[in-house]
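Asks: Required output: the full structure, derived from the provided sequences and hints.
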Amino acid sequence: MAAADSPSAALRRRDLCSRGIRLAGKMRADVVDLLDAYVEQQGLDASASVAAVEGVPLAAVERWDEQTGTQRLLENLAAYRAFRALLAQMLEEQREQLGEAEAGLGRALAAVLLQVSAFAYHLEELLRLESRGIPGEEEEEEEEDGPPPPPRLSLFEQKLRGLGVLRELAQWAVRSVRDLRQLAKPSPATGAAESP
Amino acid sequence: DSHIQYERVGADVTMKCGSMDWDAAVTWTANGTDIDESHLNGSYLILKNVDLSQSGQYSCYEGSSWHLKYQTYLRVGTPPKEPVLMCRSNNYPKGFYCSWHLPTPTYIPNSFNISVIHGTKDMVCEKDAVPKNRCHIRYLQLFSTVKYKVTLTVTNALGKNFTTLTFDEFAIVKPDPPESVVAKPVPNNPRRLEVSWQNPSSWPDPESFPLKFFLRYRPLILDQWQHVELSDGTSHTITDAYAGKEYIIQVAAKDNDIGTWSDWSVAVHATPWTEEPKHLTTEAQITETTSASTSSFMAPPTTKICDKGAVVGSGAMAVCWTAGLVVAAYSVLFI
Numbered sequence: 001m002a003a004a005d006s007p008s009a010a011l012r013r014r015d016l017c018s019r020g021i022r023l024a025g026k027m028r029a030d031v032v033d034l035l036d037a038y039v040e041q042q043g044l045d046a047s048a049s050v051a052a053v054e055g056v057p058l059a060a061v062e063r064w065d066e067q068t069g070t071q072r073l074l075e076n077l078a079a080y081r082a083f084r085a086l087l088a089q090m091l092e093e094q095r096e097q098l099g100e101a102e103a104g105l106g107r108a109l110a111a112v113l114l115q116v117s118a119f120a121y122h123l124e125e126l127l128r129l130e131s132r133g134i135p136g137e138e139e140e141e142e143e144e145d146g147p148p149p150p151p152r153l154s155l156f157e158q159k160l161r162g163l164g165v166l167r168e169l170a171q172w173a174v175r176s177v178r179d180l181r182q183l184a185k186p187s188p189a190t191g192a193a194e195s196p
Numbered sequence: 001d002s003h004i005q006y007e008r009v010g011a012d013v014t015m016k017c018g019s020m021d022w023d024a025a026v027t028w029t030a031n032g033t034d035i036d037e038s039h040l041n042g043s044y045l046i047l048k049n050v051d052l053s054q055s056g057q058y059s060c061y062e063g064s065s066w067h068l069k070y071q072t073y074l075r076v077g078t079p080p081k082e083p084v085l086m087c088r089s090n091n092y093p094k095g096f097y098c099s100w101h102l103p104t105p106t107y108i109p110n111s112f113n114i115s116v117i118h119g120t121k122d123m124v125c126e127k128d129a130v131p132k133n134r135c136h137i138r139y140l141q142l143f144s145t146v147k148y149k150v151t152l153t154v155t156n157a158l159g160k161n162f163t164t165l166t167f168d169e170f171a172i173v174k175p176d177p178p179e180s181v182v183a184k185p186v187p188n189n190p191r192r193l194e195v196s197w198q199n200p201s202s203w204p205d206p207e208s209f210p211l212k213f214f215l216r217y218r219p220l221i222l223d224q225w226q227h228v229e230l231s232d233g234t235s236h237t238i239t240d241a242y243a244g245k246e247y248i249i250q251v252a253a254k255d256n257d258i259g260t261w262s263d264w265s266v267a268v269h270a271t272p273w274t275e276e277p278k279h280l281t282t283e284a285q286i287t288e289t290t291s292a293s294t295s296s297f298m299a300p301p302t303t304k305i306c307d308k309g310a311v312v313g314s315g316a317m318a319v320c321w322t323a324g325l326v327v328a329a330y331s332v333l334f335i
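Chains as they are written, first to last, in full-length UniProt numbering: chain A, 1 to 196; chain B, 1 to 335.
Hints in this document: simulated from the structure, not taken from any laboratory. Accuracy of the hints is not assured; some may be wrong.
Footprint (simulated), chain A over chain B, 3 or more residues, beta carbon under 8 Å [unchecked claim]:
| hint | stretch |
| --- | --- |
| 1 | 28-42 |
| 2 | 100-114 |
Among the chain B residues that face chain A by a calculated CB cut under 10 Å, a handful are [stated by the list, open to error]:
| hint | residue |
| --- | --- |
| 3 | P93 |
| 4 | T166 |
| 5 | F170 |
| 6 | D257 |
| 7 | I258 |
Below, simulated BS3-like cross-link-like pairs (lysine-lysine); rule was C-alpha separation at most 30 Å, straight line [stated by the list, open to error]:
| hint | chain 1 | residue 1 | chain 2 | residue 2 |
| --- | --- | --- | --- | --- |
| 8 | B | K147 | A | K159 |
| 9 | B | K160 | A | K26 |
| 10 | B | K147 | A | K26 |
| 11 | B | K149 | B | K174 |
| 12 | B | K121 | B | K160 |
| 13 | B | K174 | A | K185 |
| 14 | A | K185 | B | K254 |
| 15 | B | K94 | A | K185 |
| 16 | A | K26 | B | K94 |
| 17 | B | K48 | B | K94 |
| 18 | A | K159 | B | K254 |
| 19 | B | K149 | A | K159 |
| 20 | B | K149 | B | K127 |
| 21 | A | K26 | B | K174 |
| 22 | B | K212 | A | K185 |
| 23 | B | K147 | B | K81 |
| 24 | B | K147 | B | K94 |
| 25 | B | K132 | A | K26 |
All values derive from a computational prediction rather than experimental measurement. Beta carbons are placed, not taken as given, at the ideal position from N, Cα and C, and that holds for glycine.
Replies: Shown next, in the form of structure tokens:
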């Protein structure tokens, strides 16, 4: 029953993938709206280039078409777990900074955070189906053990980082839809490279 | 010595006859035709306010010996204006292409150089053989938020110019229009038209990167289009067509998630199925026919089909007996 290539498992995978695609699609639409609101309310320039910020998972990937199903799921899961923490932090910063005027922004952020958590859980379900162990939640940076807490950013730096986070999240949402479509294709064996 | 000389339209050009002194006696020719002395200042040839028609081969000969002392090919032109550059991905996620042209001709040879930068990384845009002013790039990364910056520089002997485009991966995705659009009437359904089409052949992986479609249709006699957006499938049945009216139909495509709509497909025409008015018309024609020239029609030799102006067609079997009598009478006359 747990074997990923049994008919019922294949059906369940397809079903989870379809639902995941819908979740990711909705999440993307909400992130794009949130991005617009964020840029406006934070007084930022929408076209500003934001350097890659430490801790923000980049959606950019080389040889995307050569990834295995498991790789896709693991990378997605790691990303959305990171976004969950980043958005929670942004929400916290938001509550500290802002008054009533930006309550709407706070609510929109919370709604996206909820969707990110739900999607992460959905990915865990898919991994369970693949009979894969779900990696424990730990710090993504593996270069050092227990890095010192990052210095507190200035308000402006916080805003720029928030912009970077939301932009990458919007890219990830598109990538996740593509990844799930690849996953939904019938594959010969679990974990093996998908045949082109 | 022969060489090429490039000059701007409107410039004043002075040509020296090689190493000849200013006061040497020389003859200048343009494309083999002698140039009038009024254009000479000593042995120098003066061309004022040159125009495109003055491009050509100019030669200078020593007066008495007719030795060729100097030859040049004058090409009159203009420095390049800012080129027009466009980049597009019609084969996502494989890559994208950029194409360019000059808004006005320069009339002299131009060279183009294109550079593509993704973040800090230089990428090579491979020139296409055909068409000439086009190059393509394969994506090395997907889903990147880092923008691409494309700079096109055009250079000729009279100057240079350039233009830059900056865009992100998703923004330039625009598929080619759908192909093989077919519209057919539906038998016994006077208000339906069945439309089908195919994904553009340039779109490499419609399974992983599905397209959605936009259909528009209107009867030829009206200006206003009806629109339908379709999130999957490559066919659609129009169910609200006006009976008997010819329709024009087009389809456009877009990646399901990113980019912009394609141009509209080639237009197809179709008319919904109609209920046999042609049949009735044919019978009506038969009952009041004045011509028996309908080749396949063989009427019995009765007076019914015969009318006042009944004509005997050549080879037709349907002969009116009255006409037959007339023919017989004539035959008798000619015997």
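Asks: Within 30 Å, alpha carbon to alpha carbon, are B/K149 and B/K127?
Replies: 17 Å, holds
Asks: Does B/F170 pass the interface check with chain A, least Cβ-Cβ distance below 10 Å?
Replies: 7 Å, holds
Asks: Do three or more residues of the stretch 100-114 of chain B come closer than 8 Å to chain A, measuring C-beta to C-beta?
Replies: Not satisfied, violated; 0 residues make the cut.
Asks: Given B/T166 was flagged as interface, is its beta-carbon under 10 Å from a beta-carbon of chain A?
Replies: Holds: closest Cβ of chain A sits about 9 Å from B/T166, inside 10 Å.
Asks: Has the given pair, A/K26 with B/K94, been kept, meaning a C-alpha gap of at most 30 Å?
Replies: 26 Å, holds
Asks: What's the verdict on B/K147 and A/K26, does the C-alpha distance respect the 30 Å limit or exceed it?
Replies: 25 Å, holds
Asks: Does the alpha-carbon distance linking B/K149 and B/K174 stay inside the 30 Å limit?
Replies: 18 Å, holds
Asks: Are A/K185 and B/K254 close enough, with their CA atoms no more than 30 Å apart?
Replies: 22 Å, holds
Asks: Are the Cα atoms of B/K160 and A/K26 separated by 30 Å or less?
Replies: 48 Å, violated
Asks: Given the hinted pair B/K147 and B/K81, is their alpha-carbon gap at most 30 Å?
Replies: 26 Å, holds
Asks: Would you check the hint for B/K48 and B/K94, treating anything up to 30 Å between C-alpha atoms as holding?
Replies: 54 Å, violated
Asks: Compare the distance between the alpha carbons of B/K121 and B/K160 with 30 Å, and conclude whether the hinted pair is satisfied.
Replies: Since the Cα atoms of B/K121 and B/K160 sit roughly 25 Å apart, the hinted pair holds (cutoff 30 Å).
Consistency with the previously given hints fails for numbers 1, 2, 9, 17, 18, 25, ordered from lowest to highest.
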